[in-house]
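**Q** Sequence:
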Amino acid sequence: MLMKKCPKCCATVENEAEVCSNCGNVFPENRPFSKAGIAGFICSVSALASVPTALFSYFVMMISDSARSVRFFLILSVVSSIAAVICCLLGFIFSLKGLKDFKKENLRGRGIASAGLIMSSVLGGIGATAVTIIVVQALIIVSILAALILSPSSSGSSSSGSSSYVYREPSDWTSETTDYDNQIMTEEETTTDKRTMIYGTGPETINLWSFTDEIPKMVGQYIRQNPEFADKYTVECTIIATDGGAYQTALDNALAAGGDTAPDIYSAEAAFVLKYSQGDMSKFASPYKDLGIDVDAKIKEADIAQYSVDIGTCDGKVVALGYQATGCVMIYNAEVAKDVFGTDDPEEIEKITGAGSGNWDKFFEAAEKLKEKGYAAVSGPSDIWNAVENSADKPWLVDGQLTIDPKREKYLDIAKTLKDNGWSNDSESWNEPWYTDMKGEGPQKVFAFFGPAWLINYVMIGNSGGNKIGEGTYGQWRVCAPPVGFFWGGTWIFANKDTNKKEGVAELLEWITLDCSDTGLQYLWANGLVDWDNDPNTTTAKDTVASAVVMAKSDGSLDFCGRQNVFPAFINGNKYASAKALTPYDDMIGGYFEDAAEQYATGEVSREEAIENFKTNVQDNLWY
0 MLMKKCPKCC ATVENEAEVC SNCGNVFPEN RPFSKAGIAG FICSVSALAS VPTALFSYFV
60 MMISDSARSV RFFLILSVVS SIAAVICCLL GFIFSLKGLK DFKKENLRGR GIASAGLIMS
120 SVLGGIGATA VTIIVVQALI IVSILAALIL SPSSSGSSSS GSSSYVYREP SDWTSETTDY
180 DNQIMTEEET TTDKRTMIYG TGPETINLWS FTDEIPKMVG QYIRQNPEFA DKYTVECTII
240 ATDGGAYQTA LDNALAAGGD TAPDIYSAEA AFVLKYSQGD MSKFASPYKD LGIDVDAKIK
300 EADIAQYSVD IGTCDGKVVA LGYQATGCVM IYNAEVAKDV FGTDDPEEIE KITGAGSGNW
360 DKFFEAAEKL KEKGYAAVSG PSDIWNAVEN SADKPWLVDG QLTIDPKREK YLDIAKTLKD
420 NGWSNDSESW NEPWYTDMKG EGPQKVFAFF GPAWLINYVM IGNSGGNKIG EGTYGQWRVC
480 APPVGFFWGG TWIFANKDTN KKEGVAELLE WITLDCSDTG LQYLWANGLV DWDNDPNTTT
540 AKDTVASAVV MAKSDGSLDF CGRQNVFPAF INGNKYASAK ALTPYDDMIG GYFEDAAEQY
600 ATGEVSREEA IENFKTNVQD NLWY
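Residue numbering for the sequence shown follows numbering that gives the first Met the number 0, starting at 0 and increasing by one per position.
Hints in this document: simulated from the structure, not taken from any laboratory.
Careful: at least some of the hints might be erroneous.
[Unchecked claim] SDA-like cross-link-like pairs, simulated, lysine to any residue; straight-line CA separation at most 20 Å: (1) Lys614 to Gly399; (2) Lys350 to Pro567; (3) Lys501 to Thr200; (4) Lys316 to Glu346.
Being a predicted model, the structure only gives us computed values, none of them experimental.
Please take these sequences and the hints and turn them into a complete structure.
**A** Given below as structure tokens:
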């Protein structure tokens, strides 16, 4: 006979007994639990976990300054919110069914079903609100990203001012095989926005990634000079244009994936270099010292501008260096200078315009004299904006808070002063009137432009209206130090910390960025001796390079500038430049501020309204 114990007095009684014969305790019925009630409770607990996850993810997304983090937490918040709503709905339905089971079928689990019903009801309201907010936010973010990706971008002369080259679209790339030096280089076109150039025939492969063919062609130059390098290494160069962020996305994925196809060498331009030198992706960069390069001594020996070194430095270690100098000068029209000031001598013009003063007072005094003679001081306010923005002492974001440096805020008054006094032609950079002013064919002949050497070589020369002295404004221009020092653009080169080709990588990087000899890239480029296309009959523009030592010993005379040696002015321009206010968001934030300044200058809004509109634009689009 089966026996059981009374839970109250522990007396042993028959298993079928309903009442304890010792104490009179009534035994509970052997009723099963409601499965629906249990399911409702489990769903409600799941919702309890999903709602905080959704809210936490949404909060982290809003304060994150990393695009990758924003995407991850955005997806996590949306998924968690939807899961919360579904779990709440199922929890409510199952819990309600559990209560009905208790009443109709006398099943157990009333307490569990009741708890599930309460939790699902309360959390349902929160979850529904959360998912509505998050989905709306997601749609806004997706719309912004789509607008950025689909927006047209110009080649070489983009309004961001971050590039110093004339880019070639994929459709312009041709498939070819170049036969020289025992066919050490081959080139092939792909059907995507990716282009491959291969140099050398060695057994060890070095992967190089870039957004133009400039650095790959430097490799070609090095191999022509050092054929033994080609016998040891094959350098496979991957080129992806920066349009729509394609290069950064592909590079990020390749670095994260690692392996044999990951880049050993890669480059970044000024617009996004901090992401790779000091930001999220800096963890992949190798210090130059770790490659065996005596980088500190060689930087000093080459006399590389401090701004360029600062940009490529992470935690006190140099992880990237540039090969060109993009410190800026004032590019002025000598004929206008003679007519108004009686001289076109660079040293005298520097005194007249306040070179190196750090302010625009003397330049504006000169602007009034220029106006009296019927000339414009500048083509448009944006010519001065580049100098103002990039000479600030504080970045746009300080400790995650939007900050307007006093120098940048003063641009509001500068833009309005230029407008009110008629000191410019009111053009905008990278638009047709700007190019027209370079030809000297605008409403007023323009006295000055401000920029680095690439502005001369790749923009002004092609828009001067001539190809030799005496044609258009070709030959009329001179350069001198600007009133305010700044840099504009540039490209930095990195090595992957995981590369197993350190010796070959170091050899290339050192030759491109630090070699001051007459056979180094710096000297060859400064003197127009780089044979980009393997054709001895073609010449290369003389460009300003990272090494001031190289520029000091090189011939920087340009026909476009009346055969003036422009290098001394650029050496000074590099020394004046600073990178302390640089952030990865400068293009977008600066664009909003320039728009606000234009609205104020034209009288559309007050000064206070312009600043408020700027802050609103940044907050709405960059989550600050």
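**Q** Each hint should be assessed against the structure and marked as holding or not.
**A** Results of checking the hints against the structure:
1. For the hint linking Lys614 to Gly399, the alpha-carbon distance of about 14 Å falls within 20 Å, and the restraint holds.
2. At most 20 Å may separate the alpha-carbon atoms for a hinted pair to count; Lys350 and Pro567 meet this at roughly 16 Å.
3. Under the criterion of a C-alpha separation no larger than 20 Å, the hint pairing Lys501 with Thr200 is consistent with the structure, at around 18 Å.
4. In summary, the hint linking Lys316 to Glu346 is not supported, as the alpha carbons are separated by about 38 Å, beyond the 20 Å threshold.
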